[in-house]
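The primary structure of each chain is shown beneath.
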Amino acid sequence: MPHPPTSSIRATRMLHTARGPQQLDIDFQWQQGCLLAVYGPSGAGKTTLLRILAGLTPTDAGFIEVEGETWLDTSRRIYLPTRRRSIGFVFQDFALFPNLTVRQQIEFALPDPRNRTTVAELLDLMELRELQDLRPALLSGGQQQRVALARAIARRPRLLLLDEPLSALDDDMRNKLQDYILTVHRHYKLTTLLVSHHLPEVLRLADEAILLEHGKITAQGAPANLFAGRTITITISPGNPAL
Amino acid sequence: MIDWQPLWLSLRLAGITALLLLFIAVPLAYWLAYGRGRWKIAVEAIVSLPMVLPPTVLGFYLLLVFSPSNTFGRFLDHYLNLRLVFTFPGLVVASLIYSLPFTVSPIVSGFRGLSPNLREASRTLGKSDRTTLLRILLPNIRPSIITGVVLSFAHTLGEFGMVVMIGGGIPGQTRLASIAIYDEVQSMNYSLANRYAIVLLGLSFSILLLVYLVNHHFSNPKTLP
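First to last, the sequence lines map onto chains P and S.
Be aware that the first sequence starts at 375, since it is given in the numbering used here, and climbs by one per residue.
Be aware that the second sequence starts at 12, since it is given in the numbering used here, and climbs by one per residue.
Hint data in this document are derived by calculation from the structure and do not stem from the laboratory.
These numbers were taken from a predicted model, which means no experiment stands behind them.
By construction, the Cβ of each residue, glycine as well, lies at the ideal position given by its N, Cα and C atoms.
One should not assume that every hint holds.
Said to hold, decoys possible - Simulated restraints, written as ranges between beta carbons of each label pair: (1) P:A511 - S:L30: 25 to 35 Å; (2) P:G407 - S:V225: 45 to 55 Å; (3) P:T391 - S:I57: 50 to 60 Å; (4) S:F71 - P:T391: 51 to 61 Å; (5) P:G417 - S:V76: 50 to 60 Å; (6) S:L224 - P:T592: 53 to 63 Å; (7) P:Y562 - S:P127: 24 to 34 Å; (8) P:E441 - S:L125: 29 to 39 Å; (9) S:L224 - P:A511: 51 to 61 Å; (10) S:G124 - P:Q506: 22 to 32 Å; (11) S:P65 - P:A511: 38 to 48 Å; (12) P:A596 - S:P127: 34 to 44 Å; (13) P:L512 - S:P127: 18 to 28 Å; (14) S:M62 - P:G417: 40 to 50 Å.
Only chain S is shown next, with the shape it has when bound in the complex (with noise of 0.2 Å):
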């Protein structure tokens, strides 16, 4: 009998990455498309860093900094109670750095990809950045954000060695899908394993036809965007 209780983690995990990563992707990719600062290269090489680095390094690291014998770790438990080694909201701060440059990357070329005489036109109407930024750029750059949102969902979703060091696969807790399916095939449980690898198949394969229809949707003229 198939435990939801997995997947139900995974999708919560992945529903609130999503929704956490557009609100920090946004203000991010704007300043890597559009700000100045001798610091953008090094910043946008660190954001893209978890697309190359191996996921335990990630969770090894991050495993490291949030245990309680260390400082941060120590500082976060005794001064705002919050334990991010082993727990769910550590999986969603690790979720959210790992899948940060899925969100951010379609985010900034979608920016990049505007006319610069776009925001210079919003200027020399009187507009502030601001309205700019939220009546122009970002409905033409919806395309872009669907795409940036619904693949750090799918990367969420699909985490397993970032999850793994970081969560510890605490049943009810931590314990998410793919950790499931990799405990199950440990049990020599094949049957189990392939129901929650279907489930997770079938889902992730919906959500890139979703990001595939809506880009087909959004690049017809009639209804653009």
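Excised from the complex, chain P in its bound form (with noise of 0.2 Å):
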């Protein structure tokens, strides 16, 4: 049986976190419908991975490459700006359009908004048919955050990208909804890049993990494996999310 395809990324990037600057130095593959978590502390450099992937942060050098496609590869002068990379892209804030209801951030979200058949669909499996004509401001951050999967995956994009989707939710709402995230990722045969730092939610979901620890990548592979070996510092607080 041939392999899936492959996809890299490469890339540095000088960031300047609250402990001082620190240089992001990342170079992973991944395989075309895994469902990668890019885990680690804050202030790593996971969401500033994400938006390298995405285009929406610039690097100082990097390579990226996905099933195929150059999307960024700087010593050649090569920069696929983001609308021209195949992407979802769903945000910590969820960042809906506050103007448009769940429908038509749908619908903004397709090549083609009069493909029906596809909003129907998402609306059904994304549990969002009672809530299509509503906006933003009236849905509750559970509401939300389906809507903005639904959004982020209506074009069927290559690489789905999660940025901490569930960290803003409570626990009871944030279990279902990783349940819709796994129903989302096998339907639709996506390849799912999870950035968390919730462990329970990596070990869950993630079929592989990466760990970044200030700026670079120190272990990748199975989460069974990867954690179940390791020392991991957690900080004992009644609001870690990690517990």
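Given two chains presented individually in distinct reference frames, assemble the corresponding complex, making use of the accompanying hints.
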């Protein structure tokens, strides 16, 4: 059986964190169809990594190839703008458009807004049909997250990028929405990169994980193996989402 | 008996100025809010200048620039057959400059008040900057746009110092309501001046009331925006 196509990123960028300047230096590969988690403490550069993949943050030097298409190659001055990269991006704060209803958010994301089949399918899959005429201001956090996910996958991206999409939700809602992420990932056979600092979430969702610490990848592999043999420092506090 | 022509001229000037400013201010405000370039701060300062400059100073310099005895005015006169001194088109051009900051500033604030994620989210969905502007950004700063347009309308309606300089107060052509009030007071005709003043007062109050009502309406999540 042939291996699925591989994608890769190599990038460096100077980060200005609360602890002072820090070099982000990443180099890893992933396979089409996988759900790859990027795990690490706050300030490690997880969000920056996703933003570099999306073309929203520039690199000092870098190379990105996704399923045979070069998105970035600073040595050859190649830079594919964000809007031409086949991505879906779910932001931490969801970034829903306040002026559009749930249905309009999905229609806006489609190359052909008259494609009613996709809109109807997504509304059903994400259980949004009842909410389709509401604007984001009237939705709960969990409902907004589902809309953001539906909008991000509407145009069937090659790469779905999830930037801690569940961090603002309580545990019950978090568990339910993990199911939605798995459902869409499998239903649409997506390649998904999930940024998280919530270990149970990574263990439950990811096929593979990378550990990002102080701007460097310190480990990559199957989550169960990766975290079983490591000592992970967790600060004990009531609000720590890692617990 | 009240002569309605100055009031009609004032309303016409304010309407044309507000409409033209909408098309000038949106791209300018977009560039000031999101653009890059070392000249941006200088341009922002120039655009805001009429807010602090005495109207007569602006009117005086525009009078010099537009005068057919000077290079620019002569160029307009000879090549475009356009005279901007003591004419209605001159008042329009001067009002555009004078009221520009009152339209641009609220729109710039509106753009800057939006979450940067909205623009980025639209880009990740494959949309161009133009589509993002028209479908996402502008609808979400509708109160700022309405405020900018209405303020420029009201501000133009109340112009005096500059329109006297550049327009000269010619009856039927450039004698606006604000000039008519001044003329009637000079002629000791307080009753007629009062009638003009009451109409302007009522109009200005109604316009500001409208702005506050619109902003209140759009601040409600059910109607936003």
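Compare the structure with the hints numbered earlier in the document and write down the numbers of the violated ones, lowest to highest.
3 and 9
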